[in-house]
Amino acid sequence: MAIQALTKEPFNMVIAGVGGQGNVLLSAFVGNALLNKGYMISVADTFGVSQRGGSVASHIKISKDTLYSSVTLNGQADVLLGMEPVETLRVLGEFGNPEVITIVNPRPVYPTGGVSYPDLEKVKEAIEQLSAKTSYVNATEVALSMGNPILANIILLGALVGANLLPINKDDMMPILEERFPGKILETNIQAFEKGMAMIAEA
Amino acid sequence: MHKLLTDEPGKKTFLLGNEAIARGAVEAGIAFASTYPGTPSSELSLNFFQMSKESDLYFEYSTNEKVALEVSAAAANCGVRSMAVMKHVGLNVASDALMTLAYVGVKGGMVVLTADDPFMFSSQNEQDNRYYAKISGLPMLEPSSVAEAKEMVGYAFELSEQLAEPVLFRTTTRINHSTGVVQFGKIRAPKTKGNFTKDPLNLVTVPAVSRKLHVKLLEHYDQAMALAEKTPYNFIEGQGVWGIVCNGVSYGYVTDAVKELNLTDRVRILRLGFSHPIPEQMVKKFVGECEKVLIVEEGEPYMEESIKALAQEAGLTLPIRGKGSDLFTRLYEYNPSQVRDVISRYFGVEDRTPAPVDVSDVPELPQRPPTLCAGCSHRATFYEVRKATEGMETIFPTDIGCYTLGLLPPLSAADFLICMGSSVGTAAGFSKVTDKKVVAFIGDSTFFHSGIPGLVNAVFNNHNLTLIILDNGTTAMTGHQPHPGVDMKQLDMDGYGQVSIEAVVRAVGVPHVTVIKPYKVQKSIEAIKEAVNFKGVSVVISQETCALYARALKLPKKKPFAVGDKCKNHKDCINSLACPAFYIWEDRVKIDATLCTGCAVCAQICPERAIVPAKLSS
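The listed protein sequences correspond, in order, to chains X and H. Everything in the first sequence is counted per the numbering used here, starting at 1 for the first residue and increasing by one. Everything in the second sequence is counted per the numbering used here, starting at 1 for the first residue and increasing by one.
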């Protein structure tokens with residue numbers, strides 16, 4: 001059962017990742033579900049093919065009744081959904097605070113051009129240190145086991161909804177998944193979503 | 001049905017800024033739209049493109065912004081509501097047409113959308129296009145939010161018809177690429193056919209006519225200012241003797257900051273949404289009621305200069321500030337924290353911003369510049385050009401597109417860039433004054449946009465240069481829009497012509513022309529060697545469908561590759577190609593099968609032939 005109301009006004013969520021991982025899609029899913037529940041939402045995404053492979057972030061500001069500007073104030077993220085560990089840590093440095101709750105996919109996306117990736121364990125340690133609570137969701141691994149790495153973002157969406165941090169639950173998400181994934185792919189995406197919910201329950 | 005064509009007034013929906021603007025145009029009865037794609041405006045025209053397939057809207061991807069503006073200007077001169085869409089630098093290309101269109105004016109409403117890009121998320125500069133309003137004398141509107149953008153488009157069409165002038169509609173990336181809640185209004189039925197009335201003494205801009213038309217433009221300017229004094233898009237809110245003047249997205253940051261700093265009863269805000277001509281009386285009255293004024297505007301001190309001049313006229317001597325080393329910068333986009341910080345310091349109130357989190361223990365994070373995709377054919381071509389010119393002193397002028405990303409090592413295939421089409425023009429200059437081999441790169445869409453004149457110039461003036469045309473079959477960077485070289489039947493669209501790049505290049509008289517398939521590494525290197533050794537103008541057309549576009553078109557997929565047992569860890573593959581599908585694991589090169597597109601370029605350059613098709617289980 002999801003929470004019934006926002007715990008803060010406005011409530012700020014940031015989605016961090018690497019271009020191409022689907023941050024824009026995730027923010028649209030969450031935004032639409034919240035809109036259907038009557039919330040006011042503004043979202044600022046980093047966009048575009050030009051950002052492919054670059055650092056990207058989506059800011060989602062949620063309010064009971066007020067339309068705010070779309071970019072989060074430094075240090076005021078309430079929830080951080082990290083699609084990649086280093087990008088999660090990058091956003092924590094700018095928008096984190098001692099109360100932030102972090103859900104993170106621990107699978108690295110390696111930078112190109114011989115740029116070295118820091119020690120993953122140290123990155124995870126730093127994420128944990130900077131978050132009030134950190135949950136790991138092995139979304140890429142599970143997506144691969146389901147046969148398609150692209151499902152990782154739907155698994156993360158399931159984890160986010162399952163974490164009961166936003167006033168939306170599975171029933172609120174279903175119409176949105178149905179609209180977005182017509183026909184056969186719907187079933188797989190619902191499975192991925194449910195896996196994400198189950199994983200966060202155990203995380 | 002396209003979601004923006006839904007005829008359900010009152011329906012609330014969640015739209016991207018660009019979608020909201022497109023919807024606003026539909027509600028205003030837009031019948032004609034044209035563009036050259038450019039981020040951050042790209043999704044706006046993409047929605048027009050989609051809607052044109054299932055409605056009476058005429059839409060075209062024009063060859064460049066100047067053509068797009070001309071096409072729409074003619075429609076508007078026949079009484080048809082039209083819109084020309086472009087990014088900020090696109091308006092530079094279209095400005096020749098715009099300046100004199102302002103003299104001629106329009107009959108039906110015409111909106112010229114300029115999408116500015118403060119911070120240069122995907123642009124070569126962050127010029128402030130508000131100055132185009134000043135230089136052209138045309139009215140300018142600037143929305144502050146996604147919802148307002150939709151409403152304001154409708155107003156822009158009305159304003160245009162009222163003044164008989166095109167209206168400049170300026171957005172910034174944070175409007176185009178933000179998403180917000182929008183309420184649908186009624187859709188006005190579009191008038192798709194127009195009527196042209198001959199009137200050469202008002203429509204043909206010979207000097208005698210233009211002298212009259214300039215007088216008329218100035219009259220329209222005065223009328224526009226009178227409207228800017230009364231429009232609901234220019235408003236004052238709050239009370240107090242501290243004043244803030246703001247525009248665009250800054251308005252949202254200002255209202256958030258004023259709330260958070262508990263200044264609602266001490267600060268009054270003047271928001272200018274109809275920003276040119278500036279409403280002089282309104283500004284003078286506002287400033288006259290303040291003791292201290294702060295101007296919050298991204299970019300140049302555009303409002304600040306006008307407001308200071310108006311205060312001087314009104315004999316006001318209060319402090320009016322905006323840009324300055326201690327206040328706001330002319331650089332980049334603003335953010336809520338920065339705006340709150342400057343407001344609190346300027347007015348001397350306490351900012352209770354929590355201290356930033358301590359990141360001293362955090363490992364150093366690698367930068368992640370955007371990069372060419374896994375399997376990108378440009379990577380193959382760059383590698384081949386580097387191989388073909390090994391040992392030569394080279395200069396690589398490049399152009400605007402994904403391939404600009406070839407500047408980073410190890411490809412290092414970009415030495416100079418200023419604007420669309422500049423590769424071949426600058427190549428000519430470099431080749432004349434240096435003894436180096438000049439190899440320029442241009443994309444297929446950019447070639448049509450503004451590369452052809454430079455190539456004609458090179459042939460006429462007999463320059464010594466090689467132009468590599470990177471033909472990936474689409475306008476990739478902005479999201480796969482078609483261009484004149486695209487076979488539109490591939491997109492199930494009839495009624496289009498198709499222009500062959502090779503035929504154009506041969507027709508302008510280029511003496512040495514070759515076509516290569518860049519995934520065939522050795523053959524391509526040989527062909528490029530021949531081209532660069534040719535004295536005079538040579539062109540190499542490198543043809544391979546964009547890897548992402550191939551996926552969108554559902555072209556047959558190739559199997560991914562993996563590093564096999566024969567690998568002796570030379571790392572030639574990763575060091576010379578830097579494909580994002582490679583990664584290093586325990587000092588060995590690995591290939592991420594989820595990213596590999598199977599282009600097989602790395603397999604061809606491995607000295608041990610150790611890169612082989614992956615076994616299915618991986």
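Be careful, since some hints might not be right.
Derived list of chain H stretches under chain X, where covered just means 3 residues or more per stretch with a C-beta under 8 Å from a C-beta of chain X [as the list claims (entries may be wrong)]:
#1 55 to 65
#2 330 to 344
#3 357 to 371
#4 493 to 507
#5 579 to 589
Hints are computed from structural coordinates only; laboratory data are not their basis. Where is the CB? At the ideal position from N, CA and C, for every residue including glycine.
Against the earlier hints, flag every one the structure doesn't satisfy and list their numbers going up.
Hints 1 and 4 not satisfied by this model.
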